[in-house]
Every structure is written in C-alpha cells, then in structure tokens.
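A.B. asks: Listed here are the chains, written in short residue letters.
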Amino acid sequence: MSSAMKQLRIATRNCGFIDPENIEDYLGIRGYEALANALTQGNPLAVVDEMKKSGIRGRGGGGFPTGQKWEFAAKNKASQKYVVCNADEGDPGAFMDRAVLEGDPHSIVEAMAVCGYAIGASRGVVYIRAEYPLAIQRLKKAIDDARSYGLLGEKILGTDFSFDIELKLGAGAFVCGEETALIRSMEGNRGEPYTKPPFPANAGYWKKPTIVNNVETFANIPAILVKGSAWFASIGTEKSKGTKVFALAGKITNCGLIEVPMGITLREVIFDIGGGCPGGKKFKAVQTGGPSGGALSYKDLDIQIDYDNLIARGSMMGSGGMIVVDEDDCMPAVAKFFLDFTMDETCGKCTPCRIGSKRLYETLEKICSGKGYESDFEKLKILAVNIKDTALCGLGQTMPNPVLSTMNTFHDEYIAHVKDKKCPAGVCKDLLEYSILADKCIGCMLCARVCPPNAITGKKKEAHVIDKAKCIKCGACIEKCKFDAILVS
Amino acid sequence: MEKIKSIADLKKFQESYKAKTAARKQKVVVNVSLATCGIASGGKAVMAAMQDELAKQEITNVEFITSGCMTYCFAEPTVEVSLPGKDPVVFGKLDEASARELVHKYIKGGEPVGTIIPVNYTRAVL
Numbered sequence: 006m007s008s009a010m011k012q013l014r015i016a017t018r019n020c021g022f023i024d025p026e027n028i029e030d031y032l033g034i035r036g037y038e039a040l041a042n043a044l045t046q047g048n049p050l051a052v053v054d055e056m057k058k059s060g061i062r063g064r065g066g067g068g069f070p071t072g073q074k075w076e077f078a079a080k081n082k083a084s085q086k087y088v089v090c091n092a093d094e095g096d097p098g099a100f101m102d103r104a105v106l107e108g109d110p111h112s113i114v115e116a117m118a119v120c121g122y123a124i125g126a127s128r129g130v131v132y133i134r135a136e137y138p139l140a141i142q143r144l145k146k147a148i149d150d151a152r153s154y155g156l157l158g159e160k161i162l163g164t165d166f167s168f169d170i171e172l173k174l175g176a177g178a179f180v181c182g183e184e185t186a187l188i189r190s191m192e193g194n195r196g197e198p199y200t201k202p203p204f205p206a207n208a209g210y211w212k213k214p215t216i217v218n219n220v221e222t223f224a225n226i227p228a229i230l231v232k233g234s235a236w237f238a239s240i241g242t243e244k245s246k247g248t249k250v251f252a253l254a255g256k257i258t259n260c261g262l263i264e265v266p267m268g269i270t271l272r273e274v275i276f277d278i279g280g281g282c283p284g285g286k287k288f289k290a291v292q293t294g295g296p297s298g299g300a301l302s303y304k305d306l307d308i309q310i311d312y313d314n315l316i317a318r319g320s321m322m323g324s325g326g327m328i329v330v331d332e333d334d335c336m337p338a339v340a341k342f343f344l345d346f347t348m349d350e351t352c353g354k355c356t357p358c359r360i361g362s363k364r365l366y367e368t369l370e371k372i373c374s375g376k377g378y379e380s381d382f383e384k385l386k387i388l389a390v391n392i393k394d395t396a397l398c399g400l401g402q403t404m405p406n407p408v409l410s411t412m413n414t415f416h417d418e419y420i421a422h423v424k425d426k427k428c429p430a431g432v433c434k435d436l437l438e439y440s441i442l443a444d445k446c447i448g449c450m451l452c453a454r455v456c457p458p459n460a461i462t463g464k465k466k467e468a469h470v471i472d473k474a475k476c477i478k479c480g481a482c483i484e485k486c487k488f489d490a491i492l493v494s
Numbered sequence: 413m414e415k416i417k418s419i420a421d422l423k424k425f426q427e428s429y430k431a432k433t434a435a436r437k438q439k440v441v442v443n444v445s446l447a448t449c450g451i452a453s454g455g456k457a458v459m460a461a462m463q464d465e466l467a468k469q470e471i472t473n474v475e476f477i478t479s480g481c482m483t484y485c486f487a488e489p490t491v492e493v494s495l496p497g498k499d500p501v502v503f504g505k506l507d508e509a510s511a512r513e514l515v516h517k518y519i520k521g522g523e524p525v526g527t528i529i530p531v532n533y534t535r536a537v538l
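Protein chains in written order, with the numbering used here: chain A, 6 to 494; chain B, 413 to 538.
Incorrect hints may have been included.
Unchecked claim - In silico negatives: residues of chain A with every beta carbon more than 10 Å from chain B: (1) E26; (2) N42; (3) L172; (4) E264; (5) I316; (6) Q402.
Claimed, not checked - Each computed DSSO-like pair below joins lysine-lysine, with the alpha-carbon atoms no more than 27 Å apart: (7) A:K232 - A:K213; (8) B:K456 - A:K232; (9) A:K146 - B:K520; (10) A:K11 - A:K304; (11) A:K232 - B:K415; (12) B:K424 - A:K146; (13) A:K145 - B:K505; (14) B:K432 - A:K232; (15) A:K80 - A:K244; (16) A:K232 - B:K505; (17) B:K439 - A:K434; (18) A:K244 - A:K11; (19) A:K434 - A:K286; (20) B:K423 - A:K232; (21) A:K287 - B:K505; (22) A:K146 - A:K286; (23) B:K505 - A:K286; (24) B:K468 - A:K146; (25) B:K415 - A:K160; (26) B:K417 - A:K160; (27) A:K11 - B:K456; (28) B:K456 - A:K146; (29) A:K465 - A:K475; (30) A:K232 - B:K424; (31) A:K424 - A:K473; (32) A:K160 - B:K437; (33) B:K520 - A:K145; (34) B:K432 - A:K80; (35) A:K146 - B:K415; (36) B:K437 - A:K145; (37) B:K424 - A:K160.
Just so you know, these hints were derived from the structure itself, not from any lab.
Since this is a predicted model, take the numbers as computed values, not measurements.
Virtual Cβ for every residue (Gly too), placed ideally from N, Cα, C.
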C-alpha cells in the first residue's frame, strides 16, 4: 500500500463531501437505502444477524460487540424499548463524533431507525452535549427533514414500523458519557452511574431495554448494511473489524481526523499519516483513549492498533483521541494533567474514584515538585490497582491508567524526579534552575530589566547573575537574551 | 416534497438525483468545509471572498456547496474545487487574499496555487 492511501473512510465517508443540511444530497448517494432494505425484507433478526456477522464492536470505548448487544434487546419481550445515541463526546482531544454529526447527521438518523427496527423500538433519543450547538442544529434539521420525507414517524415506507427521535442535551459532565450515568441524566436525575447488571440492553431508560451506541458506531451501520457484513468483516484484524476514526492532536504535524483500518501500526499513524512531530522534535509517546487510556511510547511504534493490543499494552481504544507528546514533554506531568481532568470530572458517588483521584493527583504533584520519594511509586501502584478494582463505573476503573502506563514505560523519568530532583524534559518548574553563563553574557542588561522580581543583577558590559532565592522561573529572561547566555537545568 | 413511501420511491429519487449530479459536473463546484472548526478558522469569510471575487470577474458557472469536516484540521479553512472534467482538488490554509487568488489562478486559469492537500484516503462509496 502506498503511504498516501493508508486511510479508509467508512464512518466519515460523507464528511466533507455532502451538504449535511440537505437531505437530498444524502438520499442521492444511497442514503436511507439500508433502512428501506431492512424494512422491505421484513425480518428484524436478519438485521441483528448482519451486525453480528460484520464483527463491529462499539466505537465509544469499551468495544463490546454491537450485534450481540442488539440481540439482547431484540430477544427481550418488553413492549417499549429505546435506541439511544451517545453523543456526549467528552475526552480531551477527541472530536470525531462532532465531525460526523456536523458533516453527516442523516447517517446517524438512519442507523438509529435501523436499530429501532432490529430490536423492536419505536423511540430513539440522541444524548448530545450542549457545547455542540452546530451539531445540535444540523441534527435537528436532519430529524425534521427525515420526518417530512416520511423516513421517520408513523408507518415508515408504508410498513407497520414507526420510529421517531428526540434530542436530550447534556450539561457537559464527562461521566455522562458512561451509559448508566447517561441514562440517569436522561431521566432527569443527577448524572451518576449505577452498577451493572442489569445492563441497559435489558433494563435501561425507564427500566426498559435500551441500546446505547456511540455516534461512530451508528455511522458505520448504513455502510455495513448496504455493502454487506462480509465486506466489513474483511477489513481489520481477526477480533477488531472495520476502521477506527482517531483524532490526532498535540505535537503532531498533520493534526486532524483520520480513519484507518484496524491493525494499522502506530508508526504508520504517527509518521506516514501524521507527519511526525513538528520542528523535527523526537516523538516520545502518544496518549490513546484520553484520560482513560495509557501512553504508548516510541518502543510501541510497531504494534498493530486494535482493541485487544491496546488493552494488552495497558491502554485502551477509548473513543479514539490520540494526543501526541514529544521530547519536550514530561510524562509524570502528562499523567498529572489527565488526573487533574478526571479529578474534576469524578461524580463523587463512589469513594475509590472521588478520593482516590485526589490522592493520586497529590502524589503526582509531590513527585513533580521534587518532594517525592521512591516509596511513593509503590504507594501509587497499590492505590491505582485498588481504584481499578473497586470503582463503580468505567470512569473510575480506567482513571489510573495514565499513571500506571507512564510509570511502566517511563520509569526513568519518575526516578529522575524523585532521586535526582530533576525534570529531564524541563517542564516541572519546581525542579528547574536558572543561571547565567558568564562567558556568554555580554552585560546588555536586557534580562535584568524584564525580570519581574528583580532577581538579576550586574553592571553594564559585565556578566550578570541570578539570585536563585528570588528567581520565580518565569522564563522572561530567556525570551529576551539574544546570546543564549541563560541556562536552564 | 412528496413523502418517500416505498423502496421504489427511493430508487426513483436516486435516479432523478443522477441528473443533478450530471448537471453539477458541467459546472465549477466549490465545496467549503464549514463544520464548527472550519467556521472558527474563517471558512465563511473565505467563501464570501470567493463569491465576491467571482462576481467581480463575472464568472457565473460556479456552484457553492457547504459541507462538514474535511478532516484537515492542520490546514483549515479548506475548500475543495472541482473544475469540469477534472478531479477535485483540496486547497488549505486559505484566507481572504489567497481565496481571491484561488479564483484568479485556479478557477479562471486552471493553474494550481497555494497549499494543496493530496488525497490520502480511499473512501467507502455506497
């Protein structure tokens, strides 16, 4: 395969090609054909079967087989069932769901109707975060247009199947992306998760069988049904079929969305498609799976990306955020950043997550400020494993991943912070020391003038010195110095 | 619009849409990427500049489409220009000035200009 064609666009097949606000543009490219075919065939279980044969797994993070999930709900005899689209995309650095909703909303509407038909549900709900106003607007228009074309509502395409979709806006809590918290929030309660079982496929929204699928999962479905499960199953690896959309962000030249077949190597993603780190910097690691995932390092460049390989490396697919860090980034600080996020976003219901996140964060802060001991590593590990084992929902169970995986892969950086009290990447402020190289300083006085606490002294045309007790490590002097005379160590 | 009541109606619509696609092929089609990100980086201003410049140049055989994310965050705002009989070309990193230049050089003269983003994917076309 030439490096130019490593991407395969299935979920994003229409993004950027059609007018999302014009239903005719979607209909013209075989839109709603999957729904029409399913309804004409008249066998809901055949749809479930196609989904099972395709091998597609949930694209929202967990990777549960979608067909199997649908089967649970389809076999349930309840009179009312629900289809829910999880559009509460909240991972830092992930924006694929927004792209699909803004670029191809009809594919989601169609797929939800197909799912409704397959499991026997007449109502669908899109739970979408209020911070996506344009996605909401386009989705609303898509639903209205589908209704006026008779593709949603009563007796669709002259059959007995009726299905309609409403929107519910999320208030921006990260935990509401977790399906049980999402269901609670939809019911008007606080967005707090509950223990499974019962799984939502058996008892979810208003205790009725509920299928919760992610936006990207739904976006794949019309393509699977039109092109066939065998086509879809021929793409990807043995246990991970199809493609995955990743959001490349951070220190990467070609930041943006990419969609690649499962099984592609990390090297191909970072270098062939992403173009490597900008400014010729050395690639250090990539955080996959957002705050729930882990860091894959330069040592992992040749692993094939799929659900199981990522889990084996202590990370996870997650929703597909990929945050790239280069040699200028400090891994304990990166882990601290993600912990800061989850510490903020924990709902507080269970103790391991609520208090555990805080304690993990505090320990990392201690390490990053040079006050840590080697014994802290063991404490971190024990606490992390305990949180993984005892937290109530996916948020808590995966929250220690960034800490564990960076400690594993970048142990030397952690050692440098506690033993040598140094931050090798020069990020952790408390561990930096500023000094002036006497042989390079010409005594221009520029640095002394900009130093906020007046920590730099010296006579004109003589080498200056920094009073380390006064220095606040703001870096103002480095910016001004034209002679590279300021040394940070 | 009439409701689509059967799979036959849907097939009929697909047929009639082919005429629209064929008509588009005779024109210059400018597809402007206007997802949240494209708009934030100035996509609407680029579109307005192109429309203004086309009017000034009295070029009328142009159809504008607004689409969603083209996936090239590093090169927003982006537009895809399809000249009749030629493959579409995606131009990135545009601003008002380069958008006007794009009209002059490429739409008017067929001469590629500015940042061109190579096609780096295959697409599942249904």
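A.B. asks: Now tell me, hint by hint, if it's right for this structure.
C.D. replies: Going through the hints against the structure:
no.: 1; hint: E26; result: violated, 8 Å
no.: 2; hint: N42; result: violated, 7 Å
no.: 3; hint: L172; result: holds, 17 Å
no.: 4; hint: E264; result: violated, 7 Å
no.: 5; hint: I316; result: holds, 27 Å
no.: 6; hint: Q402; result: holds, 31 Å
no.: 7; hint: A:K232 - A:K213; result: violated, 32 Å
no.: 8; hint: B:K456 - A:K232; result: violated, 36 Å
no.: 9; hint: A:K146 - B:K520; result: violated, 35 Å
no.: 10; hint: A:K11 - A:K304; result: holds, 22 Å
no.: 11; hint: A:K232 - B:K415; result: holds, 26 Å
no.: 12; hint: B:K424 - A:K146; result: holds, 23 Å
no.: 13; hint: A:K145 - B:K505; result: violated, 31 Å
no.: 14; hint: B:K432 - A:K232; result: holds, 24 Å
no.: 15; hint: A:K80 - A:K244; result: holds, 25 Å
no.: 16; hint: A:K232 - B:K505; result: violated, 35 Å
no.: 17; hint: B:K439 - A:K434; result: violated, 58 Å
no.: 18; hint: A:K244 - A:K11; result: holds, 20 Å
no.: 19; hint: A:K434 - A:K286; result: holds, 21 Å
no.: 20; hint: B:K423 - A:K232; result: holds, 17 Å
no.: 21; hint: A:K287 - B:K505; result: holds, 26 Å
no.: 22; hint: A:K146 - A:K286; result: violated, 45 Å
no.: 23; hint: B:K505 - A:K286; result: holds, 23 Å
no.: 24; hint: B:K468 - A:K146; result: violated, 34 Å
no.: 25; hint: B:K415 - A:K160; result: holds, 12 Å
no.: 26; hint: B:K417 - A:K160; result: holds, 9 Å
no.: 27; hint: A:K11 - B:K456; result: violated, 31 Å
no.: 28; hint: B:K456 - A:K146; result: holds, 20 Å
no.: 29; hint: A:K465 - A:K475; result: holds, 21 Å
no.: 30; hint: A:K232 - B:K424; result: holds, 20 Å
no.: 31; hint: A:K424 - A:K473; result: holds, 21 Å
no.: 32; hint: A:K160 - B:K437; result: violated, 37 Å
no.: 33; hint: B:K520 - A:K145; result: violated, 38 Å
no.: 34; hint: B:K432 - A:K80; result: violated, 44 Å
no.: 35; hint: A:K146 - B:K415; result: holds, 16 Å
no.: 36; hint: B:K437 - A:K145; result: violated, 30 Å
no.: 37; hint: B:K424 - A:K160; result: holds, 20 Å
Going down the numbered hints, you'll see the structure goes against 1, 2, 4, 7, 8, 9, 13, 16, 17, 22, 24, 27, 32, 33, 34 and 36, while the others check out.
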